[in-house]
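Trainee: Going down the list, the protein sequences come from chains R and G.
Note that the UniProt record's numbering gives residue 32 to position 32 of the first sequence, counting from 1, and the numbers run on in steps of one.
Note that the UniProt record's numbering gives residue 97 to position 97 of the second sequence, counting from 1, and the numbers run on in steps of one.
Hints are computed from structural coordinates only; laboratory data are not their basis.
In this text, all values refer to a predicted model and were calculated from it rather than measured experimentally.
It is possible that part of the hints are untrue.
No copy is singled out in the list; a pair is fine if it fits within one copy or between any two copies.
What the hints assert, rightly or not - Computed cross-link-like contacts, DMTMM-like style, restricted to lysine to aspartate or glutamate with a CA-CA straight-line distance of at most 25 Å:
id, residue 1, residue 2
1, Lys162, Glu95
2, Lys162, Glu99
3, Lys22, Asp81
4, Lys22, Asp122
5, Lys38, Asp136
6, Lys22, Asp172
7, Lys71, Asp47
8, Lys71, Asp134
9, Lys22, Glu51
10, Lys22, Glu72
11, Lys22, Glu46
12, Lys22, Asp47
13, Lys71, Glu89
14, Lys22, Glu37
15, Lys71, Glu51
2 protein chains.
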Amino acid sequence: MGGSVNDRRRYTSPARREQARKTRRAILDAAHRLFAEKGYLATSVEDIAREAGVARPTVFTSVGVKSQILKEVIDLTLAGDDEPVPVRERPWFREALEEPDPHRMLHLHARNMRMMYVRCADVYCAVESAAEADPDVGALWQAMQRWRLMGSRFVAESLAGKTRLRDGYDADTVADMLWSVATPMVYRKLVRERGWSPEQYERWLADLLCRALLPD
Amino acid sequence: MGGSVNDRRRYTSPARREQARKTRRAILDAAHRLFAEKGYLATSVEDIAREAGVARPTVFTSVGVKSQILKEVIDLTLAGDDEPVPVRERPWFREALEEPDPHRMLHLHARNMRMMYVRCADVYCAVESAAEADPDVGALWQAMQRWRLMGSRFVAESLAGKTRLRDGYDADTVADMLWSVATPMVYRKLVRERGWSPEQYERWLADLLCRALLPD
Numbered sequence: 001m002g003g004s005v006n007d008r009r010r011y012t013s014p015a016r017r018e019q020a021r022k023t024r025r026a027i028l029d030a031a032h033r034l035f036a037e038k039g040y041l042a043t044s045v046e047d048i049a050r051e052a053g054v055a056r057p058t059v060f061t062s063v064g065v066k067s068q069i070l071k072e073v074i075d076l077t078l079a080g081d082d083e084p085v086p087v088r089e090r091p092w093f094r095e096a097l098e099e100p101d102p103h104r105m106l107h108l109h110a111r112n113m114r115m116m117y118v119r120c121a122d123v124y125c126a127v128e129s130a131a132e133a134d135p136d137v138g139a140l141w142q143a144m145q146r147w148r149l150m151g152s153r154f155v156a157e158s159l160a161g162k163t164r165l166r167d168g169y170d171a172d173t174v175a176d177m178l179w180s181v182a183t184p185m186v187y188r189k190l191v192r193e194r195g196w197s198p199e200q201y202e203r204w205l206a207d208l209l210c211r212a213l214l215p216d
Numbered sequence: 001m002g003g004s005v006n007d008r009r010r011y012t013s014p015a016r017r018e019q020a021r022k023t024r025r026a027i028l029d030a031a032h033r034l035f036a037e038k039g040y041l042a043t044s045v046e047d048i049a050r051e052a053g054v055a056r057p058t059v060f061t062s063v064g065v066k067s068q069i070l071k072e073v074i075d076l077t078l079a080g081d082d083e084p085v086p087v088r089e090r091p092w093f094r095e096a097l098e099e100p101d102p103h104r105m106l107h108l109h110a111r112n113m114r115m116m117y118v119r120c121a122d123v124y125c126a127v128e129s130a131a132e133a134d135p136d137v138g139a140l141w142q143a144m145q146r147w148r149l150m151g152s153r154f155v156a157e158s159l160a161g162k163t164r165l166r167d168g169y170d171a172d173t174v175a176d177m178l179w180s181v182a183t184p185m186v187y188r189k190l191v192r193e194r195g196w197s198p199e200q201y202e203r204w205l206a207d208l209l210c211r212a213l214l215p216d
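Chain R with its partners taken away, still in its complex shape (with noise of 0.2 Å):
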């Protein structure tokens, strides 16, 4: 009898899985879609398991207490997916970095901002209006504002070793103004509330990018 126990545990395991992941991401996108509409703070675990229909205990089970579907959700929208692999190491990220002429390297981060941020740039603002409120999101914000200044310093210093930068910027300097400048709330501004097309947003950051950086 143990034996047929452990052979059907066996046979149904690889199903029980799939099962368990398709609800886990049910649940993430739910609060996903939550966050951004209402905001983190005015969303509760019920809401995210109504959204999701499934049980309220089945959230904290499957992904655990807000503040940790938060992170990730996070992870999951910055990435695009639900792949272990970091943003530095992705395709696209990588083209970018490697691309050796300048104005098309910034042409190509544009477009990686614009990508990352048509999926992330409302959770990303959750995050920072909850950040004061709730000490959990408030410690999540100071890491996601880390992530965003390393991965900035990787442009920067890549573009630095392409090309002369303009006025004699260093890479430091190019890294703070694409980690103040380039942000998820400049593009939530200027497409959430005045209206722009990512497309046009892509082609002003590129622009804007190009001008600032790189010389004449």
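Start from chain R and add chain G according to the hints.
Mentor: Chain G in isolation, oriented as in the chain R frame:
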């Protein structure tokens, strides 16, 4: 006797008004420091009373509830004094609008932003971070966004009246860009978090605006 009371009232009234103005100003300055340091949500009316050296009820009678205090702190720090003159009527704002040379105009605008943000970036960001958690602050935040957009329009239209803009940008696009990039948040990121000096910020912003907006 009625006459003597009236006389005394008339006699002491300017001194009392002056004392009331000083108390009010001490409360607003204390609130500004606390909002900037601790954030709006973490600051109580008790904290403000203690920091200002007044009794708690004096805060309510002199200024009002916490959201009203925040509103008055913002009015005070945006303009830099407690005169009832709107920012766009201030000589330093008019100086930029009236400057005929577009490069010099953008340098004056960058100077104005530096001057304002040195005073108000911290409390501006405190409003943004508390906007989601507190509906009164949310409404104030929306109003502040509209005021800043209106100010950006004045500058954009004045610039468009003086020169051809780059790439056929129109005044609306320029206003959106000023509103989304020349923000207190970008100032705060660069100066508070990345350690730039306010003067470095001013030079960088002037340069960025000239390159992004004006033809070669």
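Trainee: What label fits Lys71 with Glu51 when the C-alpha limit is 25 Å: within, between, both, or neither?
Mentor: within (18 Å within a copy, 37 Å between copies)
Trainee: Regarding Lys22 and Asp172, is the shortest C-alpha distance of 25 Å or less found within a copy, between copies, in both, or in neither?
Mentor: neither (42 Å within a copy, 45 Å between copies)
Trainee: Up to 25 Å between alpha-carbons, please classify Lys22 paired with Glu37: within, between, both or neither.
Mentor: This pair counts as within: shortest intra-copy Cα distance 23 Å, inter-copy 44 Å.
Trainee: At most 25 Å between CA atoms: does that hold for Lys22 and Asp81 within a copy, between copies, both, or neither?
Mentor: Intra 13 Å, inter 58 Å, cutoff 25 Å: intra-copy only.
Trainee: Please sort Lys162 with Glu99 into within, between, both or neither, judging by C-alpha distance up to 25 Å.
Mentor: within (9 Å within a copy, 39 Å between copies)
Trainee: When Cα atoms must be at most 25 Å apart, do Lys71 and Asp47 count as within-copy, between-copy, both, or neither?
Mentor: within (17 Å within a copy, 33 Å between copies)
Trainee: Between copies, within a copy, both or neither: which fits Lys22 and Glu51 at Cα up to 25 Å?
Mentor: Classified as within: same-chain Cα gap 14 Å, cross-chain 54 Å, threshold 25 Å.
Trainee: Can you give me the call for Lys22 and Glu72, within, between, both or neither, at a CA distance of at most 25 Å?
Mentor: within (14 Å within a copy, 51 Å between copies)
Trainee: For Lys22 vs Glu46, is the C-alpha pair at or below 25 Å within one copy, between two copies, both, or neither?
Mentor: Answer is within: at 19 Å inside a copy they meet the 25 Å cutoff, but 50 Å across does not.
Trainee: If the cutoff is 25 Å on CA atoms, where do Lys71 and Glu89 land: within, between, both or neither? Let me know, please.
Mentor: Result: close within a single copy only, 20 Å intra versus 46 Å inter.
Trainee: First find the shortest C-alpha distance between Lys22 and Asp122 inside one copy, then the shortest across copies, and answer within, between, both or neither for a cut-off of 25 Å.
Mentor: within (23 Å within a copy, 43 Å between copies)
Trainee: Under a CA distance limit of 25 Å, which applies to Lys22 and Asp47: within one copy, between copies, both, or neither?
Mentor: within (18 Å within a copy, 49 Å between copies)
Hint compliance for this structure: hint 6 alone is broken.
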